[in-house]
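Using the sequences and the hints given, assemble the complete structure.
Protein chains: 2
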Amino acid sequence: MKHAYDVYAQACPTRVVLDRLADKWIVLILGLLGEQPMRFNQLRREIQGVSQKVLSQALKKLERDGLVHRQAFATVPVTVEYSITPLGRSLASTVSELARWAEANIESVIAAQQSYDAAELRRGES
Amino acid sequence: MKHAYDVYAQACPTRVVLDRLADKWIVLILGLLGEQPMRFNQLRREIQGVSQKVLSQALKKLERDGLVHRQAFATVPVTVEYSITPLGRSLASTVSELARWAEANIESVIAAQQSYDAAELRRGES
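Quick mapping for you: the protein sequence lines, in order, are chains E and Z. Here the first sequence is numbered in the numbering used here, starting from 1 and rising by one per residue. Here the second sequence is numbered in the numbering used here, starting from 1 and rising by one per residue.
The set of hints was computed from the structure by calculation and includes no laboratory data. Computed from a prediction, not measured in an experiment: that's the story for all the values here. The beta carbon of each residue, even a glycine, is placed where N, CA and C say it ideally should be. Hints are supplied without guarantee of correctness; some may be wrong.
Below are the SDA-like pairs computed for lysine to any residue, each with C-alpha atoms no more than 20 Å apart in a straight line [said to hold, decoys possible]:
#, chain 1, residue 1, chain 2, residue 2
1, E, 61, Z, 114
2, Z, 53, Z, 63
3, Z, 60, E, 120
4, E, 61, E, 90
5, Z, 61, E, 41
6, E, 53, Z, 53
7, Z, 61, E, 114
8, E, 61, E, 41
If you want the ones that stay clear, here's a sample from chain Z, every Cβ over 10 Å from chain E, calculated [unchecked claim]:
#, residue
9, 34
10, 42
11, 56
12, 71
13, 122
Incomplete in silico selection of chain Z near chain E, CB under 8 Å [what the hints assert, rightly or not]:
#, residue
14, 5
15, 7
16, 17
17, 21
18, 23
19, 24
20, 36
21, 37
22, 38
23, 65
24, 99
25, 101
26, 125
Structural data, given as structure tokens:
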């Protein structure tokens, strides 16, 4: 192993962490909370298309992993605010880069897909 | 929208790309091919625990997205080598950082999980 922990080793616990990070909702949530704390409904509005259940599960996992802090305020009704922890912040810049990459390179990816599909079609016809 | 493309918008094609990146096998494959071209069996040996089917599907997706180049050599038996494309290279450093983060911070994550689970248990008992 190159490190004490090695993501390429099957039994290494880092695999579990990598699996967690490898989730588009996690990328989107950490990107937002890296900018400012937010309430549940704010997050849900910003991340278009996420269901209440999926967002709630993702936040619970992030809280359990120590990446997000959940704070309830004794208002009526109760207000719950989510903020990023220092550990979460150390990760947020990397995951945000993934989102930026997707936005910057989507046209190259679509062009590659079209060219691949056209070549597949030609192979199918010959 | 902040950009012409916005990963937070539900109908934006960047969501599809983000979903593709958000896959631990993709992270592990790009990390290896970013260092050097590899044959299928080499990749399979390095990425412990990946099945032949899953690796083969992941490589096909990466090839279709224009991130990985597949080259067959007319040896007996045929040798197939996978290498990273310039587009793939522009992504590889970011995804490798995710793997490095997981290796560097796994202990903090495990500690956070244990503390969360202990608190849940206390809440259940009270």
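How the hints compare with the structure:
{"no.": "1", "hint": "E:61 with Z:114", "in the structure": "holds, 13 Å"}
{"no.": "2", "hint": "Z:53 with Z:63", "in the structure": "holds, 15 Å"}
{"no.": "3", "hint": "Z:60 with E:120", "in the structure": "holds, 12 Å"}
{"no.": "4", "hint": "E:61 with E:90", "in the structure": "holds, 17 Å"}
{"no.": "5", "hint": "Z:61 with E:41", "in the structure": "violated, 35 Å"}
{"no.": "6", "hint": "E:53 with Z:53", "in the structure": "violated, 31 Å"}
{"no.": "7", "hint": "Z:61 with E:114", "in the structure": "holds, 13 Å"}
{"no.": "8", "hint": "E:61 with E:41", "in the structure": "holds, 18 Å"}
{"no.": "9", "hint": "34", "in the structure": "holds, 13 Å"}
{"no.": "10", "hint": "42", "in the structure": "holds, 12 Å"}
{"no.": "11", "hint": "56", "in the structure": "holds, 15 Å"}
{"no.": "12", "hint": "71", "in the structure": "holds, 14 Å"}
{"no.": "13", "hint": "122", "in the structure": "holds, 15 Å"}
{"no.": "14", "hint": "5", "in the structure": "holds, 4 Å"}
{"no.": "15", "hint": "7", "in the structure": "holds, 5 Å"}
{"no.": "16", "hint": "17", "in the structure": "holds, 4 Å"}
{"no.": "17", "hint": "21", "in the structure": "holds, 5 Å"}
{"no.": "18", "hint": "23", "in the structure": "holds, 5 Å"}
{"no.": "19", "hint": "24", "in the structure": "holds, 5 Å"}
{"no.": "20", "hint": "36", "in the structure": "violated, 14 Å"}
{"no.": "21", "hint": "37", "in the structure": "violated, 17 Å"}
{"no.": "22", "hint": "38", "in the structure": "violated, 13 Å"}
{"no.": "23", "hint": "65", "in the structure": "holds, 5 Å"}
{"no.": "24", "hint": "99", "in the structure": "holds, 5 Å"}
{"no.": "25", "hint": "101", "in the structure": "holds, 6 Å"}
{"no.": "26", "hint": "125", "in the structure": "violated, 18 Å"}
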